[in-house]
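*Asks:* Which chain is which? The protein sequence lines are A and B, in order. Taking my numbering, I'd label the letters of the first sequence as residues 1 to 394. Taking my numbering, I'd label the letters of the second sequence as residues 1 to 301.
FYI, nobody ran anything at the bench for these hints, they're computed from the structure. Remember, predicted model here, so these are calculated numbers, not experimental data. Note that the Cβ used here is the ideal one computed from N, Cα and C, for glycine as well. Do not rely on the hints blindly, as some may be mistaken.
[As the list claims (entries may be wrong)] Partial pick of chain B residues on the chain A-facing surface, computed with a CB cut under 10 angstroms:
1) Glu110
2) Lys147
3) Thr164
4) Gly218
5) Phe245
6) Val246
7) Phe286
8) Ile289
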Amino acid sequence: MRLLEFESKAILKKYQISTPRGRVFTSPQELSIDSPVVLKAQIPIGGRGKKGGVLEASTTEDARTKMEQLFSRNLGGYRPKKILVEERVDVAQEFFMGIVYDALAKAPVVIFSRDGGVDIEELVLRKPEKVSRGRFSVRSGLHQYRAREIVSDTGISGKQLLGISAILSRLANIFLDFDATLAEINPLVLTGDGQFMALDCHLEIDDDALVRHKDLMEIEKDMDRVESERSMTEFERKAAEIDALDHRGVAGRVIEFNGSLGLIIGGGGASLTAFDAVKAHGGKPANYCEIGGNPSVLKVKELTKLIVSRPNVKKIAVIMNVVSNTRVDLMARGVVKGILEAGKVPAETVAIFRVPGAWEEEGFKILSKYGVPYCDRSVSIDEAARMAVENSSI
Amino acid sequence: MAILADQNTRVIVQGITGREATSFTKDMLGYGTKVVAGVTPGKLGQNVHGVPVYDTVQQALREHPAEASVISVPPPLVKEAALEALDNGIRLIVVVTERVPRRDTIEFLEVAQEKDVRVIGPNTLGLISPHKVKLGMAGGPVEDVKKAYMPGPVGIASRSGGMTTEIANLLTINGIGQSTCVAVGGDPIVGANFLDLIPLFEKDPETRAVVLFCEPGGVVEERLAEFVTAEKISTPIVAFIAGRFVDDIPGVRFGHAATIVEGDTGTTKRKIAMFREAGIRVAESFSDIVSALREYIGVQE
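The shape of chain A in the complex, shown without the other chains (with noise of 0.2 angstroms):
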């Protein structure tokens, strides 16, 4: 989960980190200011500035004009329901600190620059000198000490080290106490009279840790909070309807292709394979999906129903890994009710069924009954695939 620019800013004050003066407005009527000001877009993607999400006024004529302005706007997908309005600092100079996970060292790192506001993966790459990296343990949180070694390898030190370090291992607490998987300070700037500010701060949360942080669950659930032009398709949202029938196993994460061939593919691994091999033998693909973890018949019958009721689905190629868990004859069942239910005949409606594994003799019992093309674990993934394609286009 993704914090918005304002929610992460509450939590950086809650850690004594420096922000501009602001307020949220979710329309401009309210909105009146005394001197120049920033409206930011709270939208919870990068780059928001280059999108247009980020406008300058000094006069609540303009804010206001411009506010409207933001909240019309299309921004990479999004179309934001609030605009933090920050009156505008004097920067003398800019920072960036940045925290993650590393995954080889399996350890928090941090990042540091002594250039700020940029894209950190190209300094990185043009100025190696002025980016430091330290990691630190999660049991004992990253030292006050640890924070300045970092911050004086970029040749930083006097006032500004403390100043800067201090804050460092704030952000390193925030990353910790909040399940963090990302926080970032960009950038962090010096103002003219000598205090540092947070201009901006990203704050990526631990989905499988959102049960320990209630508060943030709750925030999430906010449906005023930001507006996703990226929303599902009708297709997708049906799709997740069906998912969440019952909690047994999983017939989702489906996402919607424009080409004839249906898909019934699953785990996670093999849906990949698949989707791929379906491609690679020039096959159009109508959807990806997700099966596993043995799904109830319902949910496997109305995925069926729901793809091959496509208009544009001509027919359905079903492939997963070799099962141990998902039971063969309640994927066949599934399938092969659902084909019927939408009125379609299961021979003709399937190019290919290849789900190997638990409980198979039985499943392809129905598969056979039904007539429907069938092969067993020596036809590989790829090999289904193929077979899948060809029988699709006669």
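Got chain A; can you put chain B on it based on the hints?
*Replies:* Okay, now just chain B, sitting in the frame of chain A:
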């Protein structure tokens, strides 16, 4: 030989009275794994398929020494369970549970690293050394494991649990046996990733080639390519990289939590290019894994 565990490895199951654990304990026993004890706090005196249950790991180990533990407890309890195993001298931990908070994973991995203990998972189906040992749910019931796996010279490490069995099955059908097959786990951070496992396969005299099942996302494959070159790894590696279509759809999660592509990072294109540069054979199609392997290990009789 096998890596990580073999027929002599003694195993405890933490959370053994849970529905899933009860079921895979039966399958492990059936496959010949030495499951010597189980632990569920408050359930001392019960037994699961003949395996005695204890309240604590310490109590279990006092009666039944063991080297490995399979952990299958609810996500919020995983960290404590792993620390308990580590504190009591367990040398190999397999964490089956999914949705473990990342900070918790890192915390017990830190301790494991200090104690030089191997951790597989979280979010793993486990591992199988054919005809020797099976830890966790990998492969399912005994009859299914026997159909898909057979002993031989090829190691498997896979980012997908289901595809671990699928690859073993492909090899078995083509008469190629396996040494040890490890599902590394679907989380972005796991105890033993490809970089940790390749050196073990390299040292294992029985393993003559390794198959990797890779997915988009993360940088493990990229770093592995550098590692193979730097350390002059001589064991031939055949990599299958699934999800090539995901390159065109950045920012979307397909399959496991670790598959998200961000910018150029984690794209299959980059992984493929770096593997090739390092001399790692990239299988063009899934079936191509077999022909690629044959170049390295010949045809087995």
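*Asks:* For every hint, state whether the structure bears it out.
*Replies:* Here is how each hint holds up against the structure:
1. Glu110: holds, 6 angstroms
2. Lys147: holds, 7 angstroms
3. Thr164: holds, 9 angstroms
4. Gly218: Since the shortest Cβ distance to chain A is 6 angstroms, the answer is holds.
5. Phe245: holds, 6 angstroms
6. Val246: holds, 7 angstroms
7. Phe286: holds, 4 angstroms
8. Ile289: holds, 9 angstroms
In summary, this structure violates none of the numbered hints.
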